[in-house]
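Peer 1: So the chains spell out like this:
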Amino acid sequence: MVLKVFFPSCCSSAESGILVGRWLSEQSSAVILAVVHFPFIPVQVKQYLSEVQRVTKVSVSVLGSWSNSKQEKEENLSKFLEDLGTIFSHEPWIQISKEGDSKFWSCSTLQKHSNSPKEEEVILIYYDQRKVMLSHLHPPLDTAASTDHKADDASKLSAIFHTVAKSKILFMTDRYDDGPIKLTHWQSDGAEASIIVELMKQASVPACMLLTFLLSLVSGICRSRVLKFWPLSFLWSKLSTCEQLGHRLQHLQVISSNKKAQTQTQLMRKANIFVSLLIDVALGILLMSWLYRKNRIGHLADTLIPVADHVAEELQDLLQWLMGAPAGLKMNRALDQVLGRFFLYHIHLWISYIHLMSPFIEMILWYVGLSACLGLTVALCILSDIIALLTFHIYCFYVYGARLYCLKIYGLSSLWRLFRGKKWNVLRQRVDSCSYDLDQLFIGTLLFTILLFLLPTTALYYLVFTLLRLLVVIVQGLIHLLVDLIDSLPLYSILLRLCRSYRLTAGVKFRVLEQRDGKPLRLLMQINPLSYGSVVQTYRLPTYSCYPKDSWISLCKKLFLGELIYPWKHKGEKQD
Amino acid sequence: EERRYRSASGEPIALRALQHSASCRELAVRCPRLQLRSLSAVTSAVWLAAYGLFVLSQNSMVLSAAIFITLIGLIIYLHFVKIDQESLLVIGSLGIQVTSSYASGKESTTFIEMGRVKDVVINEAIHMQKVIYYLCILLQDPGDPQGVSEIVPLFQSSKPRLDCLIEVYKSCQEILVQRKTAPQSN
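Chains A and B, in that order, give the protein sequences.
Each residue of the first sequence is one higher than the last, beginning at 4 in this note's numbering.
Each residue of the second sequence is one higher than the last, beginning at 2 in this note's numbering.
Don't read these hints as lab results, they were simulated from the structure.
Any given hint could be a false lead.
Unchecked claim - Here's a subset of chain A near chain B, in silico, CB distances under 7 angstroms, partners left out: (1) M4; (2) V5; (3) E124; (4) S227; (5) F513; (6) V515; (7) Q518; (8) G521.
What the hints assert, rightly or not - In the DSS-like style, the derived pairs of lysine-lysine whose C-alpha atoms are separated by at most 25 angstroms in a straight line are: (9) A:K512 <-> A:K134; (10) B:K83 <-> A:K512; (11) B:K119 <-> A:K134; (12) B:K83 <-> B:K119; (13) A:K134 <-> A:K241; (14) A:K560 <-> A:K426; (15) B:K181 <-> A:K159; (16) A:K60 <-> A:K263; (17) A:K512 <-> A:K82; (18) A:K134 <-> A:K171; (19) A:K106 <-> A:K73; (20) A:K560 <-> A:K411; (21) A:K204 <-> A:K263; (22) A:K159 <-> A:K134; (23) A:K512 <-> B:K119; (24) A:K49 <-> A:K171; (25) A:K106 <-> A:K82; (26) A:K82 <-> A:K185; (27) B:K171 <-> A:K512; (28) A:K159 <-> B:K83; (29) B:K107 <-> A:K512.
Said to hold, decoys possible - Residues from chain B that face chain A, not an exhaustive set, calculated with beta carbons under 7 angstroms: (30) Q20; (31) H21; (32) A23; (33) S24; (34) C25; (35) S94; (36) Q98; (37) T110; (38) F112; (39) E114.
Even for Gly, the Cβ is constructed at its ideal location relative to N, Cα and C.
Could you build all of it, start to finish, from the sequences and the hints given here?
Peer 2: Here it is, written out as C-alpha cells:
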C-alpha cells in the first residue's frame, strides 16, 4: 500500500533529528508530531515517549529520521541516521532528507522484515499543526444519526485529528525548557496565552458561585406555595412572559454551574447560551433607553386608550352591519337582533372597564417597560401578552360564536339522523337504525327545520368572529416566532465559523503542490469548514417552541365543526 | 493538454487531464463561460422594464432600484450559481476530491475517503425530455458490504457527453483498480 506521511509544516525548517509521531498501520500512514534534535540519549527519549503515551493514551513512538543539510548531502550523516534505525526499531523506518532550501525532499523507507522488496510509493502531506489540533471534526449528519456505526469504522481522518488533538502535552515543552529532549513542533517557539482570558478564567469562579446563590434564591421564591394557588397558577401558565422568564432562568442555571464542560457540544452550548443572553440583554437595554428617552412610553400609554376605544367602535360598526343585511344576505331578524344586542352590550361593558383602568395605565406601563432590561425576548413576550389582554373581547366573542355554532351543528347532525330513521349508538360507536314513534319524528323534524333555517345567521356570526380571532392569533404567532429565533440561534458558533473557521471542520481538502519527477507526491491538507446551515442545525439551542399542533386538514375540520382551536402548542403542555 | 468536447446541451466544454504521480490524477472540466450577449440582453430587458415603470409612475426611485437589483442579481449569480470549472482529484489510497469553482472565484470542495468509495460508474438518467449519461461515485454502506448508501453525481453543471465521460471513467478506474490488487501491509 502507498505510504502516507503527514508532516507538520512548522517543522519544515527544523534542524536534523529524529521524527516522533504515531504510526497507523491499517492505513499505512505516519502522523509526525515533532522532531527531536541531536544530541539526545536514546534511553531518555524512550522514557519520555512512554511517559507521553501513558498520559495521552496515544501510541507515540519514534518513526524515522529527518536530515536538513544546508550544504551538499553528507555521506556519514546518512549512515549515522540509518544506524539509528537499529536502535529505535520501528517498521518501516522513514527517512526524509531536505537539501538546502529545496522544496522537493526525498523520502525513503527501510523495511527489514518485508516480503516484497519493491520500493513502495510515498505521499508527503503537509498539515498545519495548530489548526488541526484546535479543530473539531464533525461527522456527516447522516452517519451521526445511525447508531449501528461502530467507532472503529470511523473515518481515517478522524484518527489523524484525534492523534494531534490528544497530544497536547507533547506540545507543552518548548525550546526554552532545560530538559534532556529538544523538540520542534508548532509551539516550540514558546506557548502564547492571553492575559485577559486568564483573568476572566480566574474571575469566573467567584462570579459563578454568586450567580448560583442568587439563582437558588429566585427559584426558591418561585417554587413557594404562595404562588401555587389556583387563580395565580392559572395566570402564570397563560402568560407567555412567565414561560420565557423560566426558560431564561434555566439557561442561567446551565451557565453558572461549576462543572467544567466535558465534551465539545456541552462547551459550545454553554458559550452559545452565554452569548445569546448577552445579546438579548444588550438589545433589551437599547430598546429600554429608546423607549424612555423623550418620554415615548408616556406617549405610548396615552395612545393605548384611544386605540382600544377605536377597536371597540369598529366592532360596534361591524355588529350594526351584521344586524342589517350584511353583503346582501337576508338574516333571520329575531335571532339577528338578539345576538347583535348581546354582543353590543358586551362591548359596552368592555369600554367601561377600559375607561375605569385608564388613570393607572401609564404607571403600569412605565413599570412594565422597565422589565425590558431583562432582555428583548421578555419585552416581545410582554407585547404579545398585552395584545392578548387588549383583544380579550374578541376572544370572548369567538368562544360564544363557536359554542353556539357547535351546538347547532351537533343538533342538526343528530336530527338529520333522526330524519332518516337512524341513531348514534354510543356503545358500539356507530350509526344504527332505530324505529321512532310518530310524535318523536314530528318534533324532531320540526326542530330540524328550525335549526336549519337559523343556520346562516349563526354561521355568519361565527365566521366573522373566527376570522378576527385568527388575525390576532397570527400576530401573536409571529411575535413568538421572533422570540424563538432569538432564543435558539447559536450566535457563538456562527461567530466562530466566521472568524476562526478552522475550529468547526466538516472535512479536509487537498491541494497538489509542485511536483518533480522522482520525488514523492506533495500535497497540502487544508481544513474544509462546516457550512453555515450545518452550523446552525448542529448547534441549535432547544426551546419550548411554539409550533402548530394541527395539520391544515384537521384545522379546517375543527373550524367547520365549531370546535375551539388553540393553534400554537408549547412543549410540555398537556394534551387535551 | 486540453481536449474539446460538447456538453449534453450542445455547448463546448474542455477536459484537462493531469497526472501528478502514479497514483494521483486530476481531471478538470471547464464549463462554457458567461456569454456577453445573454448578460447584455438580460440587463437591457430589466432596464427597459424599469424605464417603462418610470414613465408610468414618474418616480425616479424605480430607476435606481432597477440598477441596484441588476448589480445584486449579477453578484449573486456569479457567486452562487455560475460554475466555471469542475474538477476531480483521485489520490489512490487517500480518497477522491470533488471541487467546483464558481465564476467569482469561490471554490466548494468535498473530499470522500477511499474507504467509503465503492466504485465510480457511468449512469443513465432521464432529464426533461432527454436521456443523459452522468458519472457518479457510489458510496459504501457501512452495514451492508454489497449495498450502496449514497450516490454522488459528478460534473452536474457541465454535463459532459458520453465520450468525455468515458475518458474520465477510464482514468479513475486505473487508479481505483490498484487498491484491490495492492497488498495489505501488516
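Peer 1: Evaluate each hint against the coordinates.
Peer 2: Structure-based check of all given hints:
1. M4: holds, 5 angstroms
2. V5: Holds, because the Cβ-Cβ distance from V5 of chain A to chain B comes to roughly 4 angstroms (cut-off 7 angstroms).
3. E124: Check passed: Cβ of E124 of chain A comes within 6 angstroms of chain B, closer than 7 angstroms.
4. S227: Interface hint status for S227 of chain A: violated (54 angstroms vs cutoff 7 angstroms).
5. F513: holds, 6 angstroms
6. V515: holds, 5 angstroms
7. Q518: Holds, because the Cβ-Cβ distance from Q518 of chain A to chain B comes to roughly 5 angstroms (cut-off 7 angstroms).
8. G521: With a minimum Cβ separation of about 10 angstroms from chain B (threshold 7 angstroms), the hint on G521 of chain A is violated.
9. A:K512 <-> A:K134: Given that 25 angstroms is the threshold and the Cα spacing comes to 14 angstroms, the pair holds.
10. B:K83 <-> A:K512: The given pair, whose Cα atoms are some 22 angstroms apart, holds under the 25 angstroms limit.
11. B:K119 <-> A:K134: Roughly 31 angstroms separates the two Cα atoms, so the pair is violated.
12. B:K83 <-> B:K119: Between K83 of chain B and K119 of chain B the Cα gap is close to 30 angstroms, so the pair fails against 25 angstroms, i.e. violated.
13. A:K134 <-> A:K241: Status violated; Cα separation ~50 angstroms.
14. A:K560 <-> A:K426: holds, 23 angstroms
15. B:K181 <-> A:K159: Holds, because 18 angstroms separates the two Cα atoms, which is no more than 25 angstroms.
16. A:K60 <-> A:K263: holds, 21 angstroms
17. A:K512 <-> A:K82: Violated, because 37 angstroms separates the two Cα atoms, which is more than 25 angstroms.
18. A:K134 <-> A:K171: holds, 13 angstroms
19. A:K106 <-> A:K73: holds, 13 angstroms
20. A:K560 <-> A:K411: Given pair K560 of chain A, K411 of chain A holds - Cα atoms ~16 angstroms apart, limit 25 angstroms.
21. A:K204 <-> A:K263: With Cα atoms ~12 angstroms apart, K204 of chain A and K263 of chain A stay inside 25 angstroms; holds.
22. A:K159 <-> A:K134: holds, 18 angstroms
23. A:K512 <-> B:K119: The given pair, whose Cα atoms are some 20 angstroms apart, holds under the 25 angstroms limit.
24. A:K49 <-> A:K171: holds, 18 angstroms
25. A:K106 <-> A:K82: Given that 25 angstroms is the threshold and the Cα spacing comes to 23 angstroms, the pair holds.
26. A:K82 <-> A:K185: holds, 22 angstroms
27. B:K171 <-> A:K512: holds, 24 angstroms
28. A:K159 <-> B:K83: Violated: K159 of chain A and K83 of chain B sit about 34 angstroms apart, past 25 angstroms.
29. B:K107 <-> A:K512: holds, 14 angstroms
30. Q20: violated, 10 angstroms
31. H21: holds, 5 angstroms
32. A23: Holds: closest Cβ of chain A sits about 6 angstroms from A23 of chain B, inside 7 angstroms.
33. S24: holds, 6 angstroms
34. C25: With a closest approach of 5 angstroms, the C25 of chain B hint holds.
35. S94: holds, 4 angstroms
36. Q98: Holds, about 6 angstroms.
37. T110: Holds: closest Cβ of chain A sits about 4 angstroms from T110 of chain B, inside 7 angstroms.
38. F112: Hint holds; F112 of chain B Cβ to chain A Cβ min 5 angstroms, cut 7 angstroms.
39. E114: holds, 6 angstroms
In the structure shown, a violation is registered for the earlier hints numbered 4, 8, 11, 12, 13, 17, 28, 30, in ascending order.
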